[in-house]
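Colleague: Build the full structure now, drawing on both the sequences and the hints.
Chains as they are written, first to last, in this note's numbering: chain F, 13 to 320; chain U, 97 to 442.
One or more of the hints may lead you astray.
Only part of the chain U face toward chain F is listed, based on derived beta-carbon distances under 8 Å [stated by the list, open to error]:
(1) R303
(2) L304
(3) A307
(4) Y309
(5) A310
(6) G312
(7) K313
(8) T314
(9) P325
To be clear, the hints were calculated from the coordinates, so they are not data collected in a lab.
In this text, a Cβ means the ideal position worked out from N, Cα and C, and glycines have one as well.
Residue strings, one per chain:
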Amino acid sequence: MDPLMPPPIRRIALDREPNVAAPAAAPASNGAPRGPGGASLRAHRSRPASARVLERMRIDSVSLAYGANWVVRDVSLPVRQGEVLALIGASGSGKTTLLRSLNRLTEITTGAARSGAITIDGRDIHELEVNDLRRRVSMVFQQPNPFPMSIFDNVAYALAEQHIARGGRRRRRTPELARAVEDALRRAGLYEEVAEDLDRSALRLSGGQQQRLCIARALAAGPEVLLLDEPCSALDPISTATIEELIVGLRESVAIVIVTHNLQQAFRVADNVAFMHLGELVEYGPSAQVFERPARQRTRDYISGAFG
Amino acid sequence: MASAALTPAPAPAPAPAPDARTVAHPPRERTSSWPLVDRVCYWLCWATGIGLCVIALAIVLFMLVKGIAYLRPSLFVESPAPSLHQSQSGGFRDPIVGTLVVTAIGTAIAAPMGVALAAWLSEYRRPAWLARSVESAVEMLAGVPSIVLAIFGLLVFSQGFLAFLSQGAAQGSLGESFFNAGIVMSLLALPLIVGATHEALAQVPDRLREASYALGKTRVTTIRSVLLPAIRPSIASGVVLGMGRIIGDTAIVTILLGATLKNEPVGHTPLLGALRGTGSTLTSYVYNNSPAGEGNAHEKAYAAAFVLLMIVLALNALVTRLSNGERPAGERGRALRALRLWPLGR
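Modeller: Here you go:
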């Protein structure tokens with residue numbers, strides 16, 4: 013146990029014989045950025061593997077706690093551009109907390125504590141100014157949460173630098189801003205649907221459109237990493253399929269981490285899968301390996317249970 | 097019942113269809129089984145409620161009848177004049193202007209301060225002891241009688257270094273002016289604006305804040321660009337409530353505005369002189385012209401009171417509209433339905 017962390021109150025949970033087989037082995041390629049050769053691992057996938065794989069973030073023996081409750085224990089993972097990383101696991105396994113710690117959103121909660129290191133492009137995220145970090149590591153939430161303003165303003169708000177960010181309905185539209193907004197909406201595959209009326213309130217969009225607007229908003233500032241927290245759990249199957257395609261298409265330009273309860277979805281979109289249980293990383297590997305030949309019993313149980 | 101259950105029945109009789117009438121109208125709860133005290137209290141509650149409605153209705157009707165009877169268009173454009181004859185004592189143009197000016201000054205100070213204070217209370221709250229102290233202070237301010245505020249204002253504004261806001265003690269003034277009255281009036285409106293804004297901010301879902309923080313926005317940007325625009329209707333209704341409070345106050349006008357017959361500017365600077373000068377508002381005009389005051393011109397008092405009542409009622413209607421603005425249309429009837437008068441209907 014890390015000496016920096018407060019002693020846990022919930023001894024029971026900690027002292028229990030780990031019913032997960034063993035702590036996960038560190039990912040084989042953790043460390044050195046993988047070149048094009050590393051992508052051959054995923055040759056089995058039907059869709060073409062990304063040509064360029066580049067490690068953007070690294071989670072290094074990270075433990076997280078809320079007050080005295082341990083939520084994540086000693087997790088190490090790489091986050092790479094060109095690949096999609098899916099975090100799967102039962103509720104309460106710490107996936108979302110781990111995800112939120114990547115752009116320091118956990119800090120909003122009082123009493124959150126962390127040990128271990130998370131780095132982005134080699135720098136510890138706690139050395140960066142927090143708002144700077146969050147522009148580089150953007151996030152989309154479970155519930156679509158557009159701001160109560162127009163579609164245009166939702167995206168423009170994300171683009172605006174702090175000192176020129178303006179409230180209210182009328183944001184000054186320069187041609188550059190309009191181009192940037194259009195570009196972000198196109199990347200999120202929403203532009204064609206809303207192009208006629210960008211001044212419409214974002215709250216009038218359907219749930220799937222709202223979520224894509226949130227993705228457009230998150231992409232607008234040009235982040236290096238995109239975090240998705242169960243982005244499809246509130247959506248219908250058609251919207252879900254649209255967003256999944258979008259995710260796969262985006263992995264070339266941003267590193268993507270997605271938390272999902274939907275195993276089929278993880279299988280469809282992810283290149284690598286990390287299975288977490290009770291705050292510990294049980295298994296990490298290419299998604300075909302985790303889903304078809306899981307190394308640990310706990311993973312096997314979870315996947316077979318979920319697959320029926 | 098028991099005997100029916102004991103007799104062996106070859107086939108259970110089909111359960112009787114529930115009486116549609118009893119389902120639609122379940123028997124009313126009867127008070128006859130209640131203890132006497134409860135029954136008396138219950139009826140007292142009803143009597144009070146109905147009594148209140150009667151009084152409210154009486155005020156409006158009485159003022160309507162009396163006010164309209166004496167209301168003349170000329171009253172709005174003539175200044176009050178010192179005369180024993182009703183026909184020559186002028187109208188209430190100055191008090192109306194005074195009411196507008198005091199309300200404008202008070203609102204202009206209270207609205208930005210109140211919104212800023214509420215935003216700090218809701219979004220920052222550091223250090224915690226300061227936030228708690230501020231909350232207590234606002235609550236205390238809400239409870240202070242306006243006459244106490246007025247006396248306190250007099251104490252402060254009669255100090256020499258604040259004399260520029262009024263005529264100044266050198267000229268024999270105690271510190272009465274539109275500026276001073278407006279400033280103290282802002283303290284009346286402040287708690288209402290803070291309360292409305294604070295409550296609305298507390299109801300904004302956290303996911304909206306998280307969405308903004310996750311885009312790398314600071315708290316300040318989030319408050320200004322996301323939160324405050326989202327609660328604009330609540331802020332507006334808080335401000336309008338505060339305005340109503342200012343318009344209705346008499347004590348501060350009497351003590352800090354002078355409640356003079358006419359608005360009397362100081363010096364010759366057009367706007368500044370008027371604001372540094374003394375004056376009156378509709379409330380003080382009503383008081384002075386009522387039989388209790390010196391004017392003894394109750395017709396004018398009624399007419400002015402009617403105008404005052406109409407202004408306040410209009411503001412109340414505005415509040416209702418503003419706070420209903422964001423609700424779905426289906427919920428709008430709720431207030432009306434809650435007003436159903438008859439207790440034991442149906």
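Colleague: Now look at each hint and say whether the structure bears it out.
Modeller: Structure-based check of all given hints:
1. R303: holds, 4 Å
2. L304: Where the cut-off is 8 Å and the nearest Cβ of chain F is about 6 Å from L304 (chain U), the hint holds.
3. A307: holds, 4 Å
4. Y309: Since the shortest Cβ distance to chain F is 7 Å, the answer is holds.
5. A310: holds, 4 Å
6. G312: holds, 3 Å
7. K313: OK, holds: K313 (chain U) within 8 Å of chain F, min 7 Å.
8. T314: holds, 6 Å
9. P325: holds, 5 Å
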